[in-house]
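Asker: Take a look at the letters that make up each chain.
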Amino acid sequence: MKHHQTGAQSSTRLALSHTLPIIIGVTPFAIAYAVLGSAVSLQPLEIIAMSMIVFAGASQMVAVTMMQDPAVPMLLLVVTVALVNLRHLLMGVSMAPHLRHTSRPVQAAVAFFMIDESYALSMNRMQRFGFDIRYYFTCGAVFYIGWNALTAMGVFFGSLISDPFALPLDFVMPATFLVLVMPFLSQWPNILAALTAAVAAVLGALYLPGYWYIVIAAVLAAAVGAAVEGRLERRKGAQQHQPEEDRIDAV
Amino acid sequence: MRFEVFLMIVAMGAVTYLSRVIGFVIVRTFGVPRAVARWLTYVPVGILTALIVPTLLIRDGRVQIGLGNHYLLAGLVAAAVAYKTRNVFLTVGVGLGAVMLLQATGFGIG
Chain A
1 MKHHQTGAQS STRLALSHTL PIIIGVTPFA IAYAVLGSAV SLQPLEIIAM SMIVFAGASQ
61 MVAVTMMQDP AVPMLLLVVT VALVNLRHLL MGVSMAPHLR HTSRPVQAAV AFFMIDESYA
121 LSMNRMQRFG FDIRYYFTCG AVFYIGWNAL TAMGVFFGSL ISDPFALPLD FVMPATFLVL
181 VMPFLSQWPN ILAALTAAVA AVLGALYLPG YWYIVIAAVL AAAVGAAVEG RLERRKGAQQ
241 HQPEEDRIDA V
Chain B
1 MRFEVFLMIV AMGAVTYLSR VIGFVIVRTF GVPRAVARWL TYVPVGILTA LIVPTLLIRD
61 GRVQIGLGNH YLLAGLVAAA VAYKTRNVFL TVGVGLGAVM LLQATGFGIG
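Note that the protein sequences, when read in sequence, are chains A and B.
In this text, residue positions in the first sequence follow the numbering used here: the first is 1, and each later residue adds one.
In this text, residue positions in the second sequence follow the numbering used here: the first is 1, and each later residue adds one.
Excised from the complex, chain A in its bound form (with noise of 0.2 Å):
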């Protein structure tokens, strides 16, 4: 991209030290999985592989969760698992306009990389400098050694671990996108596209199953914003040919 050497050491440096917090939030939840995993006697390769290949943390859960009951037909499962990614299809579609000039092979592999943290990151990274495909995939590249690092962390020495939340790790994750969310809020319709994704989420986290609620919020989210974008440019339109009448409530 437009970055020279500097700019390249700085982005993966800068990747480095975004990704490394994170990976802390990630542990507690590699090791349920793996602990899950042993619980329903998937064999230690298997455990392992499933991080590899899959490499999502909502969808292994659900898997080793559902394998609880034996009676769960195997189609059952991997719908249920394409249902927990649909958030990855809005997420794709809104990063994919930002990669338009990159190559279709740079595209899939970008694709294997997408998870929510590195699509968090990058997307923030974004709002200032432009899509950076450097710091993408570093962040990519330590997620992916992390969590199947913590995977084999897990299946190995998971059982001395009676509870792996009994530090409040799971907070590291909220905590690192709240500062992520930051830069969005500056303006009037990423602010009421937050408030709405806020409510949709909480009713959507108590009413709905499994992740839909995510997939809810973004939707409306992303409906009130363009509406409220659209609005404001209507009325700035508006403005500049009678001034006089929109001055009392111009945001």
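What the hints contain is simulated information worked out from the structure, not anything from laboratory work.
Remember, it's a predicted structure, so these values are computed and weren't measured experimentally.
Don't take every hint at face value.
Said to hold, decoys possible - Computed, partial: chain A to chain B, Cβ under 8 Å:
hint: 1; residue: Met-50
hint: 2; residue: Val-78
hint: 3; residue: Pro-168
hint: 4; residue: Gly-225
Stated by the list, open to error - One side only, chain B facing chain A, incomplete, derived with CB under 8 Å:
hint: 5; residue: Tyr-17
hint: 6; residue: Ser-19
hint: 7; residue: Arg-20
hint: 8; residue: Ile-22
hint: 9; residue: Phe-24
hint: 10; residue: Arg-38
hint: 11; residue: Tyr-42
hint: 12; residue: Gly-46
hint: 13; residue: Val-53
hint: 14; residue: Leu-56
hint: 15; residue: Val-63
hint: 16; residue: Gly-75
hint: 17; residue: Tyr-83
hint: 18; residue: Val-99
What the hints assert, rightly or not - Stretches of chain A that chain B covers, calculated by requiring three or more beta carbons in the stretch to come under 8 Å of a beta carbon on chain B:
hint: 19; region: 13-22
hint: 20; region: 87-100
hint: 21; region: 191-201
For glycine and all other residues, C-beta sits at the position ideal for the given N, C-alpha and C.
Since chain A is already given, all that's left is putting chain B on it; use the hints.
Answerer: Same frame as chain A, now just chain B:
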């Protein structure tokens, strides 16, 4: 590794990768109309918010707004740090510290 388990893992991997790549394929094939492009700008903020708020507000399966919800209180502290510093390390550190402090002191319970 058992063959049927391997099959299941590959099938899971396939549907997961498909969900990740299909957005790129759609945009590559059909492009993005202006109205959709505008709509898409607000997807990130929606997803990020959806990843934050339920974790902080919903404890034990119900909405808890009060002093007993340590994640909510620590989340407010973390939000203030995030707003002021934009620093992940600091925000996570202070937030985690706040949760552990609240838990250790049993603040707000009873």
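Asker: Work down the list of hints and note, for each, if the structure agrees.
Answerer: Evaluation of the provided hints:
{"no.": "1", "hint": "Met-50", "result": "holds (5 Å)"}
{"no.": "2", "hint": "Val-78", "result": "holds (5 Å)"}
{"no.": "3", "hint": "Pro-168", "result": "holds (4 Å)"}
{"no.": "4", "hint": "Gly-225", "result": "holds (3 Å)"}
{"no.": "5", "hint": "Tyr-17", "result": "holds (6 Å)"}
{"no.": "6", "hint": "Ser-19", "result": "holds (4 Å)"}
{"no.": "7", "hint": "Arg-20", "result": "holds (4 Å)"}
{"no.": "8", "hint": "Ile-22", "result": "holds (6 Å)"}
{"no.": "9", "hint": "Phe-24", "result": "holds (5 Å)"}
{"no.": "10", "hint": "Arg-38", "result": "holds (5 Å)"}
{"no.": "11", "hint": "Tyr-42", "result": "holds (3 Å)"}
{"no.": "12", "hint": "Gly-46", "result": "holds (3 Å)"}
{"no.": "13", "hint": "Val-53", "result": "holds (4 Å)"}
{"no.": "14", "hint": "Leu-56", "result": "holds (6 Å)"}
{"no.": "15", "hint": "Val-63", "result": "holds (6 Å)"}
{"no.": "16", "hint": "Gly-75", "result": "holds (6 Å)"}
{"no.": "17", "hint": "Tyr-83", "result": "holds (6 Å)"}
{"no.": "18", "hint": "Val-99", "result": "holds (4 Å)"}
{"no.": "19", "hint": "13-22", "result": "holds (count 4)"}
{"no.": "20", "hint": "87-100", "result": "holds (count 13)"}
{"no.": "21", "hint": "191-201", "result": "holds (count 7)"}
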